[in-house]
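Single-letter residue listing:
Number of protein chains: 2
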Amino acid sequence: MKKSVALSGVHAGNTAICTVGEKGNDLFYRGYKIEDITNSCCFEEVYFLLMKGKLPTEEELNNFSDQLVEQRNLPSNLVRTLEQLPKSAHPMNVMQTIVSFMGCIENKFEIINNAEKLQNHSKRLLSVLTPALLYWYQFSHKGIRISLKSSEKRISGYFLDLLHQGDFDTDWVQTMEASLILYAEHEFNASTFASRVIAGTNSDFFSCIAGAIGALRGSKHGGANEEALKIQEDYPNKNLAKKSIMSKLKRKEIIIGFGHPVYTKRDPRNEIIKKYAKALSEGNPNSNLFEVAEVIETTMLQEKDMFANLDWYSAVCFSHLNIPVKLFTPIFVIARTAGWSAHIIEQHKENKIIRPSANYVGPKPKEFVSIKERESSDPSKYT
Amino acid sequence: MKKSVALSGVHAGNTAICTVGEKGNDLFYRGYKIEDITNSCCFEEVYFLLMKGKLPTEEELNNFSDQLVEQRNLPSNLVRTLEQLPKSAHPMNVMQTIVSFMGCIENKFEIINNAEKLQNHSKRLLSVLTPALLYWYQFSHKGIRISLKSSEKRISGYFLDLLHQGDFDTDWVQTMEASLILYAEHEFNASTFASRVIAGTNSDFFSCIAGAIGALRGSKHGGANEEALKIQEDYPNKNLAKKSIMSKLKRKEIIIGFGHPVYTKRDPRNEIIKKYAKALSEGNPNSNLFEVAEVIETTMLQEKDMFANLDWYSAVCFSHLNIPVKLFTPIFVIARTAGWSAHIIEQHKENKIIRPSANYVGPKPKEFVSIKERESSDPSKYT
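Protein sequence lines correspond, in order, to chains H and C. Using this note's numbering, read the first sequence as starting at 1029 and increasing by one per residue. Using this note's numbering, read the second sequence as starting at 1029 and increasing by one per residue.
So here's chain H without its partners, still in its complex pose (with noise of 0.2 Å):
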């Protein structure tokens, strides 16, 4: 079978932020188990940790949380863009344009990267992705000019805050907390790769962040949890579910949400969000959006011998939490840069360029044919 992976197991560089699956079904960030993690820290504590290596005291929690609160504010330039950008725009591209335009506004023609510049960029960008993206979709769903006022500290509030409009549950906010966790790092994965990639060249920090982007936008990466809710959504209940997912496995068909190139045994990031997924679904008029979750996950072990990863009931969680099911993958995004920038620091500091050699599979040298004696050929052949 050709191997689906490149670079499948070569080591591409160091890292001291994170490990994967080390005994098949374990994470952790800087040390710490995933466990412990979502059980006791709020997003903006998980970020200090993962950007500066150690967990915050109080004191540096309440100063850290406050610096992004304080910067919060979006250039108008920015929003006069925000408002040339179509409903009809995939957010992922919406996304990496503003990461993009921030890289106009706040880059210097210095090319000096140390780590107080790099993270003074990323504090500034993640106070600045929440409110841009929900003020552009507002204003080209809606057409309205939202308020980013908010008395919401917290990033997990503040995004539920502007989305809704102050019409949310208070008890929707933690697990919005444990989704920006359990998504904000995981180890040398496609994009996070490719934020070194361009972090190895000496790029400033945005042009970074906006190559992530761009790979955690396909459907191979960032996309799943909006595919898994496409499937849980197709039943009304968890009789049809269970029927429906048999034949397609007896038709050889892939369920997305399920199974991990990297852990051997199990997800342990499903089983902390599963608790916020049931939460969310007892005396929830939708709660068999969980139980048809459920089965489905009952059968995929049963029949595949396969576990339901993160996305599989983080799809609950932000159906349950009426999150229009095209931001999820920017959620991603938000969460993931406190990963991302941790890499691109340490990518800085370890001052390599990645570049890696091909393997060549085209012509031998060939004479040079004037335009005069070329043949003409089928489009469909030499494309």
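Honestly, the hints are just simulated from the structure, not real lab data. No residue lacks a Cβ here, since even glycine has one placed at the ideal position from N, Cα and C. Certain hints may be false.
Label pairs and their calculated CB-CB ranges [said to hold, decoys possible]: (1) H:Pro1289 to C:Lys1271: 57 to 65 Å; (2) C:Val1389 to H:Glu1401: 55 to 63 Å; (3) H:His1192 to C:Glu1281: 53 to 61 Å; (4) H:Lys1276 to C:Asn1067: 55 to 63 Å; (5) H:Ser1104 to C:Ser1104: 13 to 21 Å; (6) H:Ile1140 to C:Phe1396: 31 to 39 Å.
Take the given structure of chain H and dock chain C to it, following the hints.
Positioned in the frame of chain H, the structure of chain C alone reads:
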């Protein structure tokens, strides 16, 4: 000594597009020698060759060129956005913003990435890059809204026409043409590799190019011709240049524009671009630039056995074409978009995600510490 390149010599995929330095001093695009191509082709022809894998007939080239001319129009919302970008913006961040903005307009939600669609996106983008960049440049730097109409059919001439507003020597077009061809493609360099990492996730064309631009912006990659000109302009004549370079070499300073990580004998592009630089300097009041460049080239060869690469005389050429230094790397973007497009199409066909591993050098699993019990530490130690 610590290696300065990661993944050096490691095959990250197959390619049929280009070979670099197989014999230490040679470059082939799709099997054709770079010398033959530069002598006989225009940039559009090389773009066709790289992207489609064959040299076009006259009719094919005419059709292809016509398509590029027809697609030069800038969407009105892009124009409004360009007017929001300040003069102080780095032109490479501007280029990235142009690309991500075009991604917002041109992409649909479907995720089919066949060669035909990718080629169409490539042609649209390559047609837009020149007018968008120069519209921004003229508006932000001179406050004028230029007309984008031009009788110049080729990208080379169109660039010079929009930049100089008709006031340029028609002989300059050939030099511009050669530059675009020589910069068009170079195997798995860092920016091309970034575009392939992004393409590997099945992301859209614009997302891939935006990431590639991010990588090319880095001072270890695309910015070398700008640095080369700074060195050359430091000296009023060749005697002073030689003297100064000798003492720089004694102090073991690095001279940008010399040596190459892949070519071991010489850069075959240097000889070609040098001819254009020489021709432009003949009878030019600013001809000492060429003389200075040449004496430094000779000195580097004699003293360090290091050869000039493409960037060295490109700097002389661009300077003689009255191109502002800050537009040097954006020209590289326009040229390399041809090569990037070919690689993105190839990576999509290959249908592999690029996901290496990391060598973990961080802390071992450790006990979580609650926020009340954490100790503050010197920020300089953990950043």
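Hint check against the structure, violated hint numbers in rising order
No numbers; nothing is violated.
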